[in-house]
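Enquirer: Listed below, chain by chain, are the residues.
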Amino acid sequence: MNFWLELVLKLVVVLGFVLTGALVVIYAELKAGSHMQSRIGPYYAGGRWGWAQPLADGLKFLQKEDLAPAAADRTVFGWAPYVVMMSTLAIFVVIPFGPDMVGRDLDLGAYYLLAISSLSVLGILMAGWSSANKYSLMGGLRAAAQLIAYELPLVLAVVAVVIQAGTMSLNGIVEAQSQTWFTVAGLEISAPFLIKGQILGFMIFMIAAVAELSRIPFDMPIAESELTMGYLTEYSGIRFTMFFLGEYASMIGLSAIAATLYLGGYDVPGLSGNILNVVGPGVMIFKIAILVFIIIWIRWTWPRLREDQLQKLAWHWLIPLALANIAIVAVFKVAF
Amino acid sequence: MTTPGMIHRSESAVSVELQTPDMTINIGPQHPSTHGVLRLVANIDGERVIDVDPVIGYMHRGYEKISEVRTYAQITALVNRIDWVSGFANEIPFIVGVEKLMGVEVPERAQYIRMILTELARISSHLVFMSSYPLELGATTPLMHALREREYILELIEEMTGGRFHPNFNRVGGVKPAYGGGSTTKKQAMDIPSGYFQRTLEAMDRMDQICKDIDTLVTGNELIKMRTVNVGVIPADKALEYGLTGPNLRASGVAYDLRKIENYLPYDEVDFEVAVREGGDCFDRYVVRLDEIRESVKIVRQAVDQIPKGPLQAKVPRILKAPKGQVYSRAENPKGEFGFYIVSEGGKMPYRLKIRSSSFSNLSILPWILKGQLVPDLVAIMGSLDFVLGDVDR
Amino acid sequence: MSDSPDTTETEADVAVIDPLEGYAEALVEKVGAIGFTLEFDTVRIHVEPSRWVDTIVTANEDLELFSWLSAIDWSKDVEVGDPVDDVDALEERFEVLCRLSSVQNGDGAIFVATLSKDNPSIASLMHEIPGAEWHEREAHEMFGIDFEGNTHLIPLYLPDDFVGNPLLKSYPLLSREVKPNPGDVDVEPMPAVEAEAETPAEVTSEEAAGDA
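Quick mapping for you: the protein sequence lines, in order, are chains A, B and C.
The numbering of the first sequence is our numbering, which starts it at 1 and goes up by one.
The numbering of the second sequence is our numbering, which starts it at 1 and goes up by one.
The numbering of the third sequence is our numbering, which starts it at 1 and goes up by one.
The hints are simulated quantities; they were obtained by calculation from the structure and are not laboratory data.
Treat each hint with caution, since some may be false.
Take a look, some chain B residues computed to stay more than 10 Å from chain C by CB distance [unchecked claim]:
1. 36
2. 109
3. 168
4. 191
5. 198
6. 200
7. 213
8. 216
9. 220
10. 229
11. 269
12. 272
13. 279
14. 373
Here are the simulated BS3-like pairs of lysine-lysine, each with C-alpha atoms no more than 25 Å apart in a straight line [as the list claims (entries may be wrong)]:
15. C:76 with B:348
16. B:65 with C:76
17. B:371 with A:312
18. C:76 with B:321
19. B:371 with B:65
20. C:76 with B:324
21. B:298 with B:309
22. B:324 with B:348
Here's a subset of chain B near chain C, in silico, CB distances under 8 Å, partners left out [claimed, not checked]:
23. 243
24. 254
25. 326
26. 328
27. 345
28. 352
29. 356
30. 361
Ideal placement from N, C-alpha and C gives every residue a C-beta, glycine not left out.
Use the sequences and the hints to build the structure in full.
Expert: This is the structure in structure tokens:
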């Protein structure tokens, strides 16, 4: 296919998937969260099931006034949401939904992912500082500290997977998981890395991912009941929508990364070859949905950690555990 | 070779003190976690609070001044608006004080009804605490569960008194008898609605269940414990100096419950325990209130069992005049000790009414306890003191 | 010295002494007060203003809970409400009240100090009992009483630009200037009471019976 045609097609598909997916996840959060609180949730927009609620919210935000505080630095204030959104969307370039259904299968897939996703910290700092509001500043500072602290466990967990797979390319990692592990009565059993010894790495990754998303229990930067939205306080309208969509898109993105690295990606045991191009996206979406549901579940059940407890968790517990994980995986890889 | 003015590089200070000025921020008056219009002028340095100056008075309604121009019956209608979360419980000390002044004997049945409604008000107030306190810590789910159960209590109160939050049910000499039935010229005073006690007992079963649910969801939660254990410890002697009463004092180890000490309602005829915990941190204050809900459920069950038959109100003259004298009557409000000092000069209206509101004293400890705390802990401590601005500002 | 209508005395045993009276006498002894008044189960200990802080601190050893502190304005002319019962015999004064309670049992007493209207000022309790600070601020802004030694005597409830002391009897109630007392209107009595009042002979005996 023509390079440019393919490029445009992939862009459209990825953007479409991400934005639609974000809306679906917002709806899921509203519904699942409200049922956990013994409420019904969205009820009117779109009939009995309220499926049009996120759409209605989006349209409402689009028609709002473009407000910025008088003392705010308008350039930085305006660019901040787009920096966050950009770093989120760029993740989806390398995530494979099938052996050929990937934006671009980079050899440095995992490395690229981690590098790009850490750009969102910049966007958040820009938002917090440029809002000319003490609450926003406090939220921005908390965010910077938290996000930087939790980057490390994230990276170290991924390093362990890379060691076990032997390659940084995400397609390669999925294939490593589809390798036969052992045969039992003629049946070839292959297992995702979660079962092949990365259970500790998976937990570290998920905790770090929830912290990267600034969701409860790690939502000190937003901390609604203390700082009235933290670094997001002064944002309204389209800019707020960008942040909001960016958060849910990152949720899908990080779940997709976790599904690829730990749950076997698009692979289904028993199938191989071209059929995976058709079945793969469905399998990936299923695995992403499970992880997203867990993230939503955690949010509605637990309170938030205080800043110093959060930092202690990262530095005292997660990083040493992640290092130990790497050591164990490396030993096993070499020895067996 | 060094000249006196030169400093060798190895001698210069390695660590430079970064001067970061502290910020003065305003928490409130509009803020998601202050219980009403409270403004805290906080001097903070990064995440640490240096000192806090509460500014109150946004809700000052002048109760004490207006009571000087209201008759005793009219004040009864006003009083339940002081601490609006526990509506009925506010009327009790006032009406008991007035009855003491006038020497009116209240029939047993009315006293039991008052006791049942007061305990229902206590459960309702503590359920509000159960819902709003975890919300301040970030747990969003107990809010819905606790408020859902509170609806049952409010329905019960409404069925009996006609009002969910402002019952205005007490009259001098008893409770308000409902008039209905009988002929058009002679109305009969009726008793409480039929089937009421049956519904009350069902609601009490639900209260037991919600206490268990909240226990699982909140008390056993490691994260809640991390946020509240050893946070905001108030030692008993400091609490007594500041006039803290109610669950706040009982969480610091002082078993002071006016229901056992004063005999304003027949609490000595029912069996219940005073919930006390040593420690005085936020977690203890939370557990004390959860235990108090259980004790109140016990009281209501026993009262419903034991309630005697009889009239609902004693005979009192139409124009209520209190003799000359001064009386201090107090009761155990869900928030603490709630008292009225009534100065009467013989007349329809009091000469001076001093309201001792529990949240005022509970709040006065804030400048002392918030010194040096972290900002998230500030919110946790304020929430655990459970004050209502209507009570603070009167 | 003190005396007062003791509500637990009955005609049968005049010799029974209300236990509260014994308690009040012991307390007066202990703190060195002027005297006490006991009515309606409320003990009031009269204290010399110059010995205010010492008295309260001594009493605080047994009565550990500091409950509240406030004041009463005794005036002959009142802008709002009814004047006192016996206007001519009234001595115009301020009374500062402080209530201390015990947490072990139901003991408690209200300590009363009388201040003159011209220069009402009394020592502050804030350094001995920190909780008194807010109560003194409120009494200061409501009555104009000066608490010497209170370093933080700024208004608590009232806005910064408020002029006057609202709880003084001479301070008018603005809404009353606009509209008379709604309670003065005679309300329609309850149907049962009205039906019983139809026979005039019973009216007088019922009203005269008072409480029963």
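Enquirer: None of the hints should be skipped; say for each whether it holds.
Expert: A quick look at each hint next to the structure:
1. 36: holds (14 Å)
2. 109: At about 17 Å from chain C, residue 109 (chain B) clears the 10 Å cut-off, so the statement holds.
3. 168: Answer for residue 168 (chain B): holds, closest chain C Cβ roughly 15 Å.
4. 191: Holds, since 14 Å exceeds 10 Å.
5. 198: holds (28 Å)
6. 200: holds (27 Å)
7. 213: Label holds. Min Cβ-Cβ 33 Å, cutoff 10 Å.
8. 216: holds (34 Å)
9. 220: Non-interface label stands for residue 220 (chain B): nearest chain C Cβ at 32 Å, farther than 10 Å.
10. 229: holds (25 Å)
11. 269: The assertion about residue 269 (chain B) holds, with a minimum of 18 Å to chain C.
12. 272: holds (18 Å)
13. 279: holds (17 Å)
14. 373: The claim holds: residue 373 (chain B) sits with its nearest Cβ about 18 Å from chain C, beyond 10 Å.
15. C:76 with B:348: holds (18 Å)
16. B:65 with C:76: Holds, because 17 Å separates the two Cα atoms, which is no more than 25 Å.
17. B:371 with A:312: holds (23 Å)
18. C:76 with B:321: The hint holds at about 21 Å.
19. B:371 with B:65: violated (35 Å)
20. C:76 with B:324: holds (16 Å)
21. B:298 with B:309: holds (21 Å)
22. B:324 with B:348: holds (11 Å)
23. 243: Status holds, d = 5 Å.
24. 254: holds (5 Å)
25. 326: holds (6 Å)
26. 328: Hint holds; residue 328 (chain B) Cβ to chain C Cβ min 5 Å, cut 8 Å.
27. 345: Result: holds, 4 Å to nearest chain C Cβ.
28. 352: holds (5 Å)
29. 356: holds (5 Å)
30. 361: At 7 Å from the nearest chain C Cβ, residue 361 (chain B) passes the 8 Å test, so the hint holds.
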